[in-house]
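J.: Below are the chains, spelled out letter by letter.
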Amino acid sequence: MTAAGTAAPDRAAAPDAGVDRAPLARRRRNRMLVQVACLAITAFMAAPMYLITLAAFSTRESLNAFPKSFAPADVSTETLRSFLGATGVVPSFLNSLVVGLLTLVLSVAIGTPAGYALARHVFAGRDAYQLFLLFTRALPIVVLSVPLARFFITAGLSDTVLAVALLHTALALPTTVLITASIFTAVPRDLEEAALVFGCTRASAFRQVVAPLALPGIAAASLFTFVLSWNEVLGAAVLTLTNRTLPAQVLGSLQWSPLPYRFAGGFALLVPALIFIFVMRRYLLNMWGTTLR
Amino acid sequence: MAEVEISQLHKTYPGGGRPATRDVSLTVADGEFMVLLGPSGCGKTTLLRMIAGLELPDRGSVRIGGRDVTYRAPRERNLSMVFQSYAVFPHKKVADNIGFGLAMRKADRAVIQDKIAWAAGLLQLEDYLDRYPSQLSGGQRQRVAVARAIVMEPDVLLMDEPLSNLDALLRLQFRAELKKLLTDLGTTCVYVTHDQVEALSLGERVAVMKDGEIVQCGPPMEVYDSPASEFIGGFIGSPPMNFLDATLRRDGGEAVIEVAGQRSAAPGSWAAFAEGPVRIGVRAETITAHRAERSGALRAVTEVAEPLGSTTLVTAVLGEQRIKVQVPPDFPVGAGDDLWLDLRADRLSCYERDTGRVLVSDR
Ligand SMILES: Nc1ncnc2c1ncn2[C@@H]1O[C@H](COP(=O)(O)OP(=O)(O)OP(=O)(O)O)[C@@H](O)[C@H]1O
Ligand SMILES: [Mg+2]
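Chains A and B, in that order, are what the protein sequence lines are.
Residue numbers for the first sequence, in full-length UniProt numbering: 1 to 293.
Residue numbers for the second sequence, in full-length UniProt numbering: 1 to 363.
Next comes chain B alone, as it looks inside the complex:
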């Protein structure tokens, strides 16, 4: 097991105009589960492949366990990888697939057999060891790919959207299994996904990428609760974070926000910010809705209510702006009803109007 240190990795594909990654730096601690999250084409796979040695960077460095491996061949890095397409070898039986890496290392036959049995037991593949991959279902092939990766006892385990080819139910099931397995193994892990739910549920830390750069890196709940930019808030979470045009004012030393002519309390620390137009970020589930008027709550009109089973998602109009609010499933509301929305001051984020960057006060 080892720590992965990426620094200033820059890569432009030949013929590609824009760089696929721009001076990306990231440190993954020993045993940490790091998720790379971002929209399609933002450079996640490229970054992962540079860690694996399947792609060479234009500049920058990759260190694994303190050793510089930037230009080393993949096999000299003691890592293993689960490919998005599984990449199980179609001409080898499941057992030989799982044992492939060990056989290449010229490990002892008995040792290889033990390892195969161990991994097959862990991933419930015992019954399939004698089959060819073409005789397996997608989920089973997936498990073979994972088994092949973990028997290597790698320093680092890389995974590129390993769940993306599974159907929704299987994905849910496998996600939990994978999390448990990797926590037990304690291997350093870099996991690529464009699925924000997967990222939040699996990662110890999440690095959000956009246009070849890491725009935020932190524990899932931190990224979820205080996104560093409007882009991140809009990308993570379902429904995405609400962003409201608002004006920040100071009222006798207290910060307040003014939305559509109505006032609502702001966190005390915002008093340090300049007055003027801002964007307020607020999660649907942090808003409390009331049917009766309340002081300090913002009045809005219900546009549509969507029951989702465990909650109801209300889209309301506040002045000119739409806002999504999560209410309990038994909350009596229908289109056209008035709502009073209580924004919890401590759960608000404040963004610069023109750049979309978060404003932070040094509290």
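Chain A on its own, in the form it takes in the complex:
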């Protein structure tokens, strides 16, 4: 966005004669390369989003037309309306939302204390525990979901939103624990001790001092969890039949659905995740800015 194109200032023969400008040029060139790389990656990410959005707002005719134009030709909400009108879409959308939030709440409620313990206490098997957490991610969801489906059937939870949320919580927990652990490590211990000295119990010290300082990081972790749950499709598809989440619903009807439906589905999946990220943006920036100290 910046710098890359600024022209070199007019150099009068003067104070900096004899200064070696090669490092400066190198530095400028490197900075430009970084900018270019950033742009390329952004384009790589944004292009599919743009195309999906474009397709979702096109009429059937222009979708089938060839060659396609990259500028919006005839904006219409017809495709989206028909998608939203299709059976099961609105309920599955709500299901996805519920699953995502439930996953978020559960994984933060369970993962944060674990992360805190990892950050603040030295206990036997701490390193092994950390490694073990990562191992759980090594199991593919497909492998997990079949026995889980059986288990949920016996537990009477099969085909419920709760079952999917539990699966997603299990999937998200390792990252939640490890991320929150690093966040708590970044909150200086002194601050917590100061709170203890000035009249807090351990619990109120956490509430008064640690939690506010860790909040941006925890928000980022929960954002990650939500998006993970929102996008997870395999497990959700295996565990549910009628109570599908949106990705599972779209995936399930992919084969027999028309092209516009697919694009509209893609768009519907995209938007909530983007909105969520947008809302959490402040906390993310805080985290990587300078909230602590």
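Just so you know, the hints here were simulated from the structure itself, not pulled from any lab data.
All values reported here derive from a predicted model rather than from experimental measurement.
Beta carbons: idealized from backbone N, C-alpha and C, even for Gly.
Errors might be hidden in some of the hints.
[Stated by the list, open to error] Short derived list, chain B residues pointing at chain A, Cβ under 8 Å:
no., residue
1, Phe83
2, Gly101
3, Met152
Assemble the complex: chain A is given as a structure, and chain B with the ligands must be docked to it using the hints.
T.: Below, chain B with the ligands without anything else, positioned relative to chain A:
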């Protein structure tokens, strides 16, 4: 306000081989300003944290105001603490930082406001009450930490190297302010530092620590003038105390010391010590130097003279040994000049050659 009684406090950190404190006992009287002084890693912070309740001892006891608090939570001890890193809460404004402890006690809002105003006035923080700590300079943050500690009206105030993060000038200024403030408040105070100047200037008593033990505890001038061991003499004072290999002899009932083949008078009380090799401790500023020969003075050769402004520090060679002598700034001396050094007998200390422990006579 209350007295602090530590007895036989012993602590080994899990995984740490050596104990961080070894059976330390210390009594700080009500209203006294006690300084814990020692080199890095000697266990000062550990001791302070055990008083605060942030660390639990393996054995021993801590009593505050006659009440046993050894295993009580920090908040049950009615003490407050100034942390080395200040530990002001970055997410709270200065006013809320100062009032934090009172708010936790659920004090009346009006009372809290009064106290904040009082402490802010005392520490010149009125203009900053609405700021966040990140918008303050190091010295201002320091003052916030002190203000937060004093509004609690604690029985005991603990301070862990509170001045160590300040630059030299600010430290000097703040040291004087702190001393005045704490004298006015009259709170019992335990102050940790590894800076001997700070210890001497602030403390009513100084406890010198080494390897987890208190090796000497007394008023600053006593610790300075008669260090209990060579370690203390070498640690306290700038320049450190001179230590000379010498031989103690008795000459017709009078004690004399013999350094590099020359004799000098010793305190009369030393006649009680056994004759033989000892170490003599002498402060640079207690030695009087002369350019002309004098009886009873030791002859030495100037090696280097360093003018320090208010005095000149001369390093001289006495036989094989180096000795630092403080002379007036206008004293005419240069490298290679002969000097006659008058050791004032009453300001000498005598140490065992092999243990470095002070020899005392029961005068
Ligand atoms: N949390 C800990 N775990 C293990 N060992 C520790 C811990 N804290 C301190 N120690 C050890 O205990 C000893 C005393 O440490 P302490 O922090 O009390 O020293 P100190 O006198 O405050 O030093 P400094 O002036 O450098 O702050 C040191 O040898 C240190 O390595
Ligand atoms: Mg320390």
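J.: Should the interface hint for glycine 101 (chain B) be scored as holding, given a Cβ-Cβ cut-off of 8 Å against chain A?
T.: Result: holds, 4 Å to nearest chain A Cβ.
J.: Hold the hint about methionine 152 (chain B) up to the distance rule: shortest CB distance to chain A must be less than 8 Å.
T.: holds, 7 Å
J.: Minimum Cβ distance from phenylalanine 83 (chain B) to chain A below 8 Å?
T.: holds, 5 Å
No hint from the list above goes unmet by this structure.
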